[in-house]
Amino acid sequence: MSPDSTSPAHPHGTDAGWDLPSGPGFLALVRLHLRTLWIELPVGWVVLGGLAILLPVSAALHAASNIDPADPSVAWLAVAWLLIPLHFLTIAVAFLWPDGVWREVPPGGRLVLDALPVGRRAHRMARVTAGLGLPLVMAFSVLLTAVFLDSDPLFGAVVAWVGGASGSPAGILAGLLSLTAAYLLGSALAIRFGRVILPLSLLVGGLVILLLIVDGAGWVAGEMALQRWLFVGHWAPGRTLVLAASAGSADLAPALLWCLIFLGLCIWWAGRHDRA
Amino acid sequence: MTQFSRNTEVQGGTLMVDPITGNERWAVHARGLRKRYGKVVALAGVDLAVPEGSVVLLAGPNGAGKTTLLKLLLDLLPPDGGEVEVLGRNPSHRGHEVRAGTGFLPEEVAFPFGRMSVQEMIGFHARFRPGWDPEYAQYLANQLELRMDRPWKKLSKGEARRAQLLTALAHRPALLLLDEPTDGLDPLVRERVLALLAEHLVETGATTLYCTHVLHEAQSLADRLLILRAGSVQVDEGIEELRQTHRRVRIRSRAPDTPAPPAPAFVVREEGRSGEEVRWVVRASEADVRGWAEEHACDVAHVEGVSVADTALAYLTDGGDR
Numbered sequence: 056m057s058p059d060s061t062s063p064a065h066p067h068g069t070d071a072g073w074d075l076p077s078g079p080g081f082l083a084l085v086r087l088h089l090r091t092l093w094i095e096l097p098v099g100w101v102v103l104g105g106l107a108i109l110l111p112v113s114a115a116l117h118a119a120s121n122i123d124p125a126d127p128s129v130a131w132l133a134v135a136w137l138l139i140p141l142h143f144l145t146i147a148v149a150f151l152w153p154d155g156v157w158r159e160v161p162p163g164g165r166l167v168l169d170a171l172p173v174g175r176r177a178h179r180m181a182r183v184t185a186g187l188g189l190p191l192v193m194a195f196s197v198l199l200t201a202v203f204l205d206s207d208p209l210f211g212a213v214v215a216w217v218g219g220a221s222g223s224p225a226g227i228l229a230g231l232l233s234l235t236a237a238y239l240l241g242s243a244l245a246i247r248f249g250r251v252i253l254p255l256s257l258l259v260g261g262l263v264i265l266l267l268i269v270d271g272a273g274w275v276a277g278e279m280a281l282q283r284w285l286f287v288g289h290w291a292p293g294r295t296l297v298l299a300a301s302a303g304s305a306d307l308a309p310a311l312l313w314c315l316i317f318l319g320l321c322i323w324w325a326g327r328h329d330r331a
Numbered sequence: 191m192t193q194f195s196r197n198t199e200v201q202g203g204t205l206m207v208d209p210i211t212g213n214e215r216w217a218v219h220a221r222g223l224r225k226r227y228g229k230v231v232a233l234a235g236v237d238l239a240v241p242e243g244s245v246v247l248l249a250g251p252n253g254a255g256k257t258t259l260l261k262l263l264l265d266l267l268p269p270d271g272g273e274v275e276v277l278g279r280n281p282s283h284r285g286h287e288v289r290a291g292t293g294f295l296p297e298e299v300a301f302p303f304g305r306m307s308v309q310e311m312i313g314f315h316a317r318f319r320p321g322w323d324p325e326y327a328q329y330l331a332n333q334l335e336l337r338m339d340r341p342w343k344k345l346s347k348g349e350a351r352r353a354q355l356l357t358a359l360a361h362r363p364a365l366l367l368l369d370e371p372t373d374g375l376d377p378l379v380r381e382r383v384l385a386l387l388a389e390h391l392v393e394t395g396a397t398t399l400y401c402t403h404v405l406h407e408a409q410s411l412a413d414r415l416l417i418l419r420a421g422s423v424q425v426d427e428g429i430e431e432l433r434q435t436h437r438r439v440r441i442r443s444r445a446p447d448t449p450a451p452p453a454p455a456f457v458v459r460e461e462g463r464s465g466e467e468v469r470w471v472v473r474a475s476e477a478d479v480r481g482w483a484e485e486h487a488c489d490v491a492h493v494e495g496v497s498v499a500d501t502a503l504a505y506l507t508d509g510g511d512r
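Chains as they are written, first to last, in the working numbering: chain S, 56 to 331; chain R, 191 to 512.
Source of the hints: derived by calculation from the structure; they are not laboratory data.
It is possible that some hints are incorrect.
Here's a subset of chain S near chain R, in silico, CB distances under 8 Å, partners left out [to be verified]:
1) PRO76
2) SER77
3) PRO79
4) LEU87
5) THR91
Cβ coordinates follow ideal geometry from the N, Cα and C atoms, glycine included.
Construct the entire structure; sequences and hints are all you get.
Below is the structure:
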């Protein structure tokens, strides 16, 4: 049939009488994908969720008891030593989960989701946001455990890694923000490059090489400045991403700042690569 | 046959004619639609106008641009040029609205959440579709004999295809885009699916683009044939028109041992030639063929109608671009 009789040139379309209700909004999408995560990862939720409850409860019981700190039970040692791997596991999940969301996993799966009647950008962000739930629960558990163990001199050195500043509510908040920042950086890298590990390795490797070059050049002031900016300084992104709550003070402002920066990157790159 | 009446409304209304202008509405309207993948041209300026309620059989060889066309209509791919309007919307600006009114059965059998059961997968889709009809979904599930408690990742290709079909139909979309809907189905299930599709189309009047390589199975559903070849529309005609204008003929040279003459312009495809006899699919009236035969000292040995599938095949073979 000849298409000459009318023109589809109207930029947004003519509507022509079709009433087409859209799908759910952003929050409903997040809820929907939380439920999906529960269906997809039941063991993960049960195991990690169980640990998330068990750890702080155990630590609280320990803190309330009068056990000799010089002679702790194996159980208490296990709790303390579990914290560090759990902390890094949480951060690893935070980086890797968005990888699966933004890449086409499994093949063709993204087409199915993109064909649904919601904005693609909002939908992917909702999936990323829903995926943040489990790491946040874990991070909260780790930090809460650290709070209880913090006063124990034996475990002080251990928990300093994961919760040196977690004795305060602001410390816990800073820790959660740092995790969210890590999650959003993982999302941003996945959106932009389709993967997380490779660009992250290149980023870290590049920074290390830069440090070595500065060190080799004997530019002490430059090396110090770079180290401070990357890992030590108040606004250091490295410390925010991994060790935000371990610096002895609750650095809310830098964690929040990096969260916003990475969220902005996510939105910007999502806009540019929406149809990729 | 079913508890759903013939008057069941298609999502977005049942009007076949615009009450204001009296004109047909175009469910799909494209002009000069272009798409490239690097140096490969997928669509080279496609003009297309599909009236509301029409069922279009979309055919073409592999790589002709059929799947690309469907994806462009849903804004799953951005066009490189041209204009397109689907259900009155420009997909580039209001893609989610277009997708709301569309039931899409993609070529790929995929779903990202493999642990979900069929029931959960259907529920997942239902939450995205305000017009979802749970009773109709249940009816379709029964007809398609879906095992609702089976995890998606354990489904055979045919089972997954049937589940996908349900999600494409159960919200009674105004537009159906079906990409090889019977791919992976055994012959019995294929028959059942085709019958179900026919029933759905009669009841809802949904505009349909039915993309397939198995033309004979869908020719009874369609009222138009659209053939894409090398990214361009080669044929875009009504089924009835095709039936009336195309026929298969057998021509025989009157002089013994004299080969039949070469094919004239009205021949779409030469199906065979042996000595003084030749078989053609032609686009011409019987009278025109007989007139031509008389002029060339030939007899018309046989004339018969030709199926839509065979007509399409004629255009798809190398000789079809005469």
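Hint check:
1. PRO76: With Cβ-Cβ at 4 Å, under 8 Å, it holds.
2. SER77: Given a least distance of 5 Å, the restraint on S/SER77 holds.
3. PRO79: The hint holds - S/PRO79 has a Cβ within 8 Å of chain R, the shortest such distance being about 6 Å.
4. LEU87: With a closest approach of 6 Å, the S/LEU87 hint holds.
5. THR91: Given a least distance of 6 Å, the restraint on S/THR91 holds.
In terms of the numbered hints stated before, the structure departs from none.
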